[in-house]
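*Asks:* Residue-level listing of the chains:
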Amino acid sequence: MYQYNDFDRDFLAVRNAQFRAQVERRIDGSLTEDEFKPLRLMNGLYLQLHAYMLRVAIPYGTLNSAQMDQLAMIADKWDKGYGHFTTRQNIQYNWPKLRDVPDMLDALGEVGMHAIQTSGNTIRNVTSDHFAGAAADEIEDPRPTAELLRQWSTDHPEFQFLPRKFKIAVTGSPNDRAVTKAHDIGLRMVERDGEKGYEVIVGGGLGRTPMIGKVLREFLPKADLLPYAEAIVSVYNLLGRRDNKYKARIKITVHENGIETIRDLVEERFAQLRPLFSGVDQEMLAGIEAQFAAPDFKTGSVAPFKAAYHEDSVFRSWVDTNITKHRNDDYAIVSISIKKQGDTPGDATSDQMRVMAQIAREFAHDELRISHEQNVILPHVHRADLPAIHARLKEVGLATANIGLISDIIACPGMDYCALATARSIPVAQQIATRFDELKLEHDIGDLKIKISGCINACGHHHVAHIGILGLDRAGVENYQITLGGDHTETAAVGERAGPGFAYDEIVPAIERLIAAYLDLRVDADERFIDAYRRLGLAPFKAALYPEAKANAA
Amino acid sequence: MSKPFTPKVVTANALLEGDVVYLTADDQWSRRIEEAEVIDEAAHGDLRLLHASAQADVVVGVYLAEVAIENGQPVPTHFRETFRTKGPSNYAHGKQEHL
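One line per chain: the protein sequences are G and D, in this order. 1 is the number of the first residue of the first sequence in UniProt numbering; add one for each residue after it. 1 is the number of the first residue of the second sequence in UniProt numbering; add one for each residue after it.
Misleading hints may appear alongside valid ones.
To be verified - Pair by pair, the computed Cβ-Cβ distance ranges are: (1) F219(G) - H78(D): 36 to 42 Å; (2) H78(D) - P38(G): 26 to 32 Å; (3) D8(G) - T77(D): 49 to 55 Å; (4) H44(D) - A17(G): 55 to 61 Å; (5) A419(G) - S53(D): 14 to 20 Å.
If you're looking for bench data, these hints aren't it; they were derived computationally from the structure. Computed from a predicted model, the values in this text were never measured in an experiment. All residues carry an ideal CB built from backbone N, CA and C; glycine is no exception.
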């Protein structure tokens, strides 16, 4: 993985010193809050409902054990002993004190991490496939591309005051695990006539106006990446609306101007910019690529794995649910669920972080990933080590076998933490997960994506969930709308609103009726919820959600 | 005809800790809503808001929050403000740690 060089380290040290001085000036009254707010946001520091929140970037979700250990140390020293992993592959600390934040940033800098551009109207943390470099279906590791974009976008002078925030995701696999079609720019690695390049998607996004991105370029040679990305953001910077923040994202720019106009403008700008990129970017990319070389894979018998798989049904269930095929047949990708039923989705305690770091050091080539689904991944694990890893994880409540199941819920922090939220998300997720665990139906239901947002900004990705839940404030009480049929993969789709919302104490029973209907309606156990929905449409699921309407109509 | 004024308290977040705070009648900032000054009149509310907003080196994000009076004490009327008085639902963190 990428190691910071002297330039990176010096840049961070200077930037952190600058922010330390700004904090001091805020505290001594030299800066007003209006003056300070944009400065703190540029460094990932928000003021939320009950406290400050520091959002730390985990670029393309990749980190090593030393970085995970440092995140744990920060959680213990300056927070309440835990951190919250988010859908944008960030970690958020919910309880920092203003005076401590510069020390937290310095501690991050010691391990090559930062909080720059995790907020504000700028290019945010570049996200990627959490199985990058390991997935069996991968065309090419997308992380060098993501790292190049991170370096290009960090403190880019032209793009610090965009009309709105700007999000880029990269995938190197045809199976899209990076939600590229719901990003301002989505890059999908493709191969044409033996050459690798990118399909460039633009104008996707969720929020109050959810849109699936449109293809801007079917094939972009790798060497053209930065000038083309610069052309897109440059066109958006000029055309994007600043008169209305709700119409300021590039998805609206594309919608209002049309993809053809945007394409023409981007190509025109690209023609101007291309000659300015002398090739230094490609030299940098080559250097970055060298740092993402595959680990030195172990060889050895996988017999211990096979024995444990046959003898231990708990281990077998975990393997069947949480393990993904690696490109090396003797290896596996392990998804560690940090969604134990009843726990807060995405939260890991400092002890859990340290255990995951130790496992990565001992068994997994020192690599960890954070998924956009708020779980932690060990991308390279020799199968013989899986029983030992499972045993370690069990000791700290991290061996839950629920990846991709009904309790593996994405939930934004909601009104329990977020100043923008209009209702809570976390307790709804906790109750759904607990209820279906009690019913012992999770594995029978199978693959199902529930995603919950506590407001219309859709940080919980509810629009692209098979079952989406949106929490709103209706006349001073929490109310939850359900959408059905969303999809976050390469076949991305925005879900359809099912009908009127449900009160806080009605939402779990409503989900239970919905699932009961699915279990009745599906052709067989192999027909996933989303497939049944696509086959049958909204009507039978709506009838299950609103039985009183059905009764009244009868 | 303008809407009748309903009881309110002045609230904000503390600059250093980020904690939710309430302005008391004797110009202190308290972590407890029970100790907040209840404002019954619009003009007085404006004055108290001005007074609070001037303390930019102590608090951030000053505003008036609706309350009802129960057993002689102010209680929030909106669920968002209720969460602000105690802390999040998922852990006993925030103010509820000390209650």
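*Asks:* Please go over all the hints and tell whether each is borne out by the structure.
*Replies:* Hints and how they fare:
1. F219(G) - H78(D): 36 to 42 Å: Cβ of F219(G) to Cβ of H78(D): about 53 Å, so the range 36 to 42 Å is violated.
2. H78(D) - P38(G): 26 to 32 Å: Cβ of H78(D) to Cβ of P38(G): about 29 Å, so the range 26 to 32 Å holds.
3. D8(G) - T77(D): 49 to 55 Å: holds (51 Å)
4. H44(D) - A17(G): 55 to 61 Å: violated (45 Å)
5. A419(G) - S53(D): 14 to 20 Å: With Cβ atoms ~18 Å apart, the hint holds.
Checked against the numbered hints listed earlier, the structure breaks hints 1 and 4; every other hint is satisfied.
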